[in-house]
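**Q** With the hints as your guide, set chain R onto chain E.
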Amino acid sequence: MSEVPLNDSKLVGKAIRRREDPRLLAGRGRFVDDIALPGMLHAQFVRSTVAHAELASVDVSAVLEVPGVVAVFTAEDLELGDIVAQLGRPLSEFVPTAMPVLAREKVRYVGEPIAIVVARDAYAAEDGLEAAKVSYVTLPPVMSEEAAFAADAPLVHAEAARNTLVDVSLFATDGIDGIFDSAPCVVEVDTRTGRQNALPLETRGAVAHWDDREEQLVLHTCTQIPHQVRTVASRCLRLDERAVRVVVPDMGGGFGQKCVVGREEIAAAAAALRLRRPVKWIEDRKDALSASFLAREQHYRARAAFDAEGRILALDADVVCDMGAYSCYPFTAGIEPLMASAEMPGVYQLPAYRVRGRAVTTNKAPTGPYRGVSRPQYVMVMERLFERAARELALDPVEIRRRNVITDFPYTGVNSITYDPGSYLESLDLCERSVRAEGWYEKRAAAAAEGRHIGIGYSCFSERTGYGSAAFAQRKMKVVPGFDISEVRMDTSGTVTFTTGTMNHGQSHETTMAQIVADELGLDIAKVRLHQGDTDRITYGFGTFASRSITIGGSAVRLGAAKLGEKLCAIAASRWGVAPDEVELAGGAARRRSASDVLTYEEIADIAYLQAHLLPKDIEPGLSVTATFDVFNDGTFSNATHACVVELHAGTGQVEILRYVCVEDCGVAINPQVVEGQCRGGIAQGIAGALFEQVTYDAQGEPSATGFMDYKVPTAHEIPDVLIHHLETPCAFTETGAKGAGEGGTIGAPAAVLNAVNDALRPTGVELDDTPITLETVHRALNGAPNRELSA
Amino acid sequence: MNTDPVVTHPRLQLITLDANGEQHDVVTEPRRTLVDVLRHDLRLTGTHVGCEHGICGACTVLVDERPVRACLMFAAQAEGARIRTVESLSEDGGGELSDLQRAFTDHHALQCGFCTPGFLMLAEGFLAERPEATKEEIREVVAANLCRCTGYQTIVEAIDACATARRGACVTPCGGPDSKEH
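Going down the list, the protein sequences come from chains E and R.
Yeah, the first sequence ends on 782 if you go by the working numbering, and it's all consecutive.
Yeah, the second sequence ends on 186 if you go by the working numbering, and it's all consecutive.
These are calculated hints, taken from the structure and not from any lab test.
Hints are not guaranteed to be accurate.
[Said to hold, decoys possible] DSSO-like mimics (lysine-lysine), calculated; alpha carbons at most 27 Å apart, straight line: (1) E:LYS0 - E:LYS517; (2) E:LYS517 - E:LYS557; (3) E:LYS276 - E:LYS702; (4) R:LYS139 - E:LYS702; (5) E:LYS96 - E:LYS123; (6) E:LYS433 - R:LYS139.
Same shape as in the complex, but just chain E (with noise of 0.2 Å):
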């Protein structure tokens, strides 16, 4: 760990303004709903108004007869290949379960997509949705972990006895129960975390047209997974890959709501193919927050015991993911139990581990990753143990943390994972110094002494990133993401194209890759341009999330920029005659180390290109290279601590963040102003699912959140200002040195704010380990206090 260097010469390391910014602040961004085709329809959905049914009938009809609607498809219809999402494990452990592209025989979710109505706009399309009769014989809907687990509970898929998708028990270490009946402290916390919407700020949507001349069904997408998409895309509609084709423009933000294949995208390109026209579908807000993808919705039993020093000895939890109605593709529903029970442990040493975690499956909208799957949870989990351990010991909630965090690296766990090197002990040291400098202890302290309620709370965490092939393989996916692929091309005029098979949404690619390739060949970075996000152009990827696209994405990018590099210098060696190593590259140009002989890239294009007979026997024409990266080990683990300051308020039960601290170790930052963007960005997702967000249902399963009004999305008001710090721990096996920095903010958040909530409310005697924590309960534990006064 060391503080950042500068080297002038590089433009890794330094916080360039970002290419991406021109176009999308003058207007001129291409998002999909901007995408305008001759001839092009317009789609909407019939969804389904009830939880569970069995689907009568579905007359559409009197759909054709709105002015305006051109054509309406059901399943039947369109005859389409189910969705299907594997994974490698026994029956006892997953069952595999389709989810149709339109609802057939049954429906699972309010909001499952029945039937595509299209119409020559969108204003036609919502006129037709209104014409559909849809009749259902209505079943009983589960709509809890409780009623799904009942012995005489209702199935949402019949092949899922007790509703359940997942039951895994990934580690059990032999004796811990002695362990617990033996140790001297022994704490244990419920946990259930409201489940969320990613929501990115442009919903779902897509265009689909049929391109005669390349014999290809070319579908504009806003999605994560480009080559995913296309996967599921010929599938479905019974296509070779090649002849679909996905192009995935700029995207309005995804947070892992479209890292999975959506229903509605495979639908409107089905239309597409029937009707060989262009068909475009735009899902409205209410769609998004309703009939998305989900997530987050847990339940954690967990107990940890303590030595008389506050030394954890043992972790035994049971999780409950609340999937919904459906496995989503790739991931399926083990995504977030899966990642729970593998990382749990987190920045500690901890000896004994035993986990069990479960999907089920509910009358829900089914659930998707979304930044940080599960960690936002299970770090919460973990710090409210850590705090009620301090509680029960007396000790101070940063000492014993302090004496838990794991310091000798690299640390294999007991969770059979090995942590590279971070800065566990220092972030969190940093960061109670910069909470202390600023006097926020004396100003808690004064606080309650006027009755006031400030509290403080910490969270210190770990975020495994660059998840190579090695690691998404002992998740046992049918599906294994890992390595990715880039080209590296240089034109006869001497500038570089390179490609990822990473997809930008937000994240800054095009300017945090081009800064690596602009170092590795020594050029000038308006010389170099990345290209991603279309299935024609990139070999093969799997696209962006598990903070894998600089230290995956970044390290092939900068493999291909060094192997065009070493062609660059073999050309220039040969027309000197000299060894390759006598050769360097710096300014645009091949220089020869001892003699002021110069070529420039220019040069060496014409003739890789246009004097090729002038090139040696070994060496090929043309200057286009590919190298690809894998991560062989566990990954690098980026970490971080978080510091929350919040003034609880009596009279509303409003909780007011006063201050928040990051101290963020993320491994070489390419682009610190980037890192920064996404740590703020994160937190204020992750406070976002603290203190705010959630979706309900009633019982007979009916969201409660279908606009902005009743889905509290949180404003420049809410959230406060985040100081950070950095710290650097290269990683060494990335070959950038950097880590992943997108999700580590969203994973810290909550626990920092729930410990600063219950730091606030300890004179009340009141703990609260549910998020959101809403205005009520805040205002319940505050007025409910026996003499809140009396706070010390």
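**A** This is chain R only, laid out in the frame that chain E set:
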């Protein structure tokens, strides 16, 4: 299947819109919103749609210089008014980004960029009305719109820096409109 998409016309009307100083004749249904006409009829796609119920502010444009949710207004209601969209900001500068836009890039006030045109027009309208706005007042106004990427801090800082620089430029013209670094 009805293969002819234009069999029955709903009632249409001819309206004239003044968008970014250009007059546009548009034949439209009365129910069509201003944002849909701007985006799909006039192809001014810089203005975005995030919720269609007036909360997120991604569709914010200026109507007679005041920020308006273009999803809550019918296009016909904007007849006779001067509409300004994000496209006008850099056009006015001959294609160069304006000082406000440059402040956004300097402060990393955008990530995915989807909400950005709404914040730009909100700020453009607000700063024109209150050039002396304090940072806290700017924060109040920024709270009118939603951003899911940035956490808002850098948006507030960008607008504040732009406002500060503009005030400075009034006193000392040599300073130029460059944004202040923090």
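**Q** Give a verdict on every hint.
**A** So, going through the hints one by one against the coordinates:
1. Distance hint between LYS0 of chain E and LYS517 of chain E is fulfilled; the C-alpha atoms sit about 15 Å from each other, no more than 27 Å.
2. Between LYS517 of chain E and LYS557 of chain E the alpha-carbon distance is near 18 Å, which keeps this suggested pair within the 27 Å criterion.
3. A C-alpha spacing of about 14 Å is found between LYS276 of chain E and LYS702 of chain E, which places the hinted pair at or below 27 Å, so the restraint holds.
4. With a C-alpha separation of about 24 Å, the suggested pairing of LYS139 of chain R with LYS702 of chain E holds against the 27 Å cut-off.
5. About 15 Å separates the Cα atoms of LYS96 of chain E and LYS123 of chain E, which keeps this hinted pair within 27 Å; it holds.
6. Of the supplied pair hints, the one linking LYS433 of chain E and LYS139 of chain R holds, its CA atoms being roughly 24 Å apart against a limit of 27 Å.
When held up to the earlier numbered hints, the structure conflicts with none and fits them all.
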